[in-house]
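Chains as they are written, first to last, in our numbering: chain A, 5 to 256; chain B, 34 to 250.
Note that these hints are calculated values from the structure, not bench results. Please note that a few of the clues may not be correct.
Said to hold, decoys possible - Covered stretches of chain B, as calculated for chain A (at least 3 residues, CB under 8 Å):
no.	region
1	103–116
2	140–147
3	212–220
As the list claims (entries may be wrong) - Taking beta-carbon pairs under 8 Å as the criterion, some of the chain A residues facing chain B (in silico):
no.	residue
4	163
5	167
6	194
Stated by the list, open to error - In silico lysine-lysine, DSSO-like type, Cα no more than 27 Å apart, as pairs:
no.	chain 1	residue 1	chain 2	residue 2
7	A	252	B	53
8	A	245	A	182
9	A	252	A	182
10	A	174	A	62
11	A	174	B	53
12	A	120	A	58
Please read these numbers as outputs of a predicted model, since none were measured by experiment. For glycine and all other residues, C-beta sits at the position ideal for the given N, C-alpha and C.
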Amino acid sequence: MNLAVNNQSLMLALGLVLIALAIGWKEKLGIDKDMIIGVIRAVIQLFVVGYLLKSVFKVDNIWLTLTLILIIIFNAGYNAKQRSNGIPDALPISIGAILISTAVTLGVLMLAGAIKFIPAQMIPISGMIASNSMVAIGLCYRNLNAQFRQERQAVLEKLALGADLKDASKDILRDSIKTGMQPTIDGAKTVGIVSLPGMMSGLIFAGVDPVRAIKYQVMVTFMLLSATSIGSVLACYWAYKRFYNDQKQLLI
Amino acid sequence: MSLIELVDLGYHVDDTCILKEINLTIDRQEWVTIAGPSGSGKSTLVRIIASLLSKTSGELNFDGDPIELYDPITYRRRVSYSFQQPTLFGNTVQDNLQFPYDIRQMPFDRDRAIRGLEYVGLAAADLAKPVVDLSGGQRQRVALLRNVMIYPEVLILDEVTAGLDEENKAFVWSMIRHFNEDDGLTIIAITHDQAEIAAASRLITLTAGKIDAGGAQ
């Protein structure tokens, strides 16, 4: 391994944050406080996670691994819910959608023999899946809220013609699922051309043969497409009904 | 037995009373015109009858049964509501005329659609016409046709001729008269048009959420 990050080089890299702070201060962006809090939080959170993962990998216990995966899923669900802007039951919907998308994707990867049930593989991969699902679901919620407001008249007219909730919401649902998946699809299109994504870069950085690193990245691309599609579909199909009441009337 | 019966019907949002003590019966194939100043609750009343809103007090009976006994989707297929400024769906006229069939999982009756289009002054070729190319009058005709592609029992019209020129207005009313007289549809129509109010066979006038005493002719 040819990594050379030590505490001293990290301190020097802090200069990069000072550049960002200087820009924020000069342009009067009013984000200095947020940026400082963000940097402090990132450093503390990452160090805590680093030491935690070190001990979890050492213990290598199935229940501890599962507990950590569930914590990741809960946190991802909670963050996705924050983007729901008041959609009822957004927390259980988000957690359910992320849980299923993570379980299905991990299950397929394990059955395919791409990963093993060991904490060093399961925890980072779960984090990648859950965070991408979380972003996708957040985008779905934002689009559902915007579209139901924008298309209110069309939805009302479809209901007035006797459409059921799914028929009245079909266009909005389709558009929202697409919006949730779009960043992952765009990412898949440009991977290797515009960006060398995290996992692949990390492996190359750590001295792994680029061709081998690419195979991992291909796996990650497939995995994220699956996770965001499952997460988006489930969250949208569970959430759109919350825009109606029991009498199948639009609540907006 | 009346087709629609409203007994002491009321509707309020928080502390604001929108409708109160509405008592009204409408018989099958009757044509009821509803008039009244803006904000008097006309649209709220017909939206409740169309099950797009729920009353907060009183009774609403349809065909002898309380509205609560009906599945809202099935009910709305029997009591159809047409909006003042309709939104046309999809890209073409056919997308709109096919919608009532799609939601019932029924095959599209192309011949009926063409007959309907010819009746409203359009042609078979217009099935493929983009909705953005339709004039205001044509949009309203296509929207009305969409409501009756599969006949409901009641057609509720919320100022459907507002904003139309005299020629289109006369045409739309002749369409509705045909639905009422020849096809037996019950019509509930909101209007501000003085000529339409004068010609009403039964007029209900709403003021501040109540039917005017003597306002029901």
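Hints and how they fare:
1. 103–116: With 9 residues close enough to chain A, the hint holds.
2. 140–147: Violated, because only 0 residues of the region 140–147 of chain B bring their Cβ atoms closer than 8 Å to Cβ atoms of chain A.
3. 212–220: violated (count 0)
4. 163: Where the cut-off is 8 Å and the nearest Cβ of chain B is about 6 Å from residue 163 of chain A, the hint holds.
5. 167: holds, 5 Å
6. 194: Violated, about 31 Å.
7. A/252 <-> B/53: holds, 24 Å
8. A/245 <-> A/182: It holds: about 18 Å lies between the C-alpha atoms, which stays within 27 Å.
9. A/252 <-> A/182: holds, 25 Å
10. A/174 <-> A/62: Roughly 49 Å separates the two Cα atoms, so the pair is violated.
11. A/174 <-> B/53: violated, 36 Å
12. A/120 <-> A/58: The given pair, whose Cα atoms are some 18 Å apart, holds under the 27 Å limit.
The structure is inconsistent with the numbered hints 2, 3, 6, 10, 11, although it conforms to all the rest.
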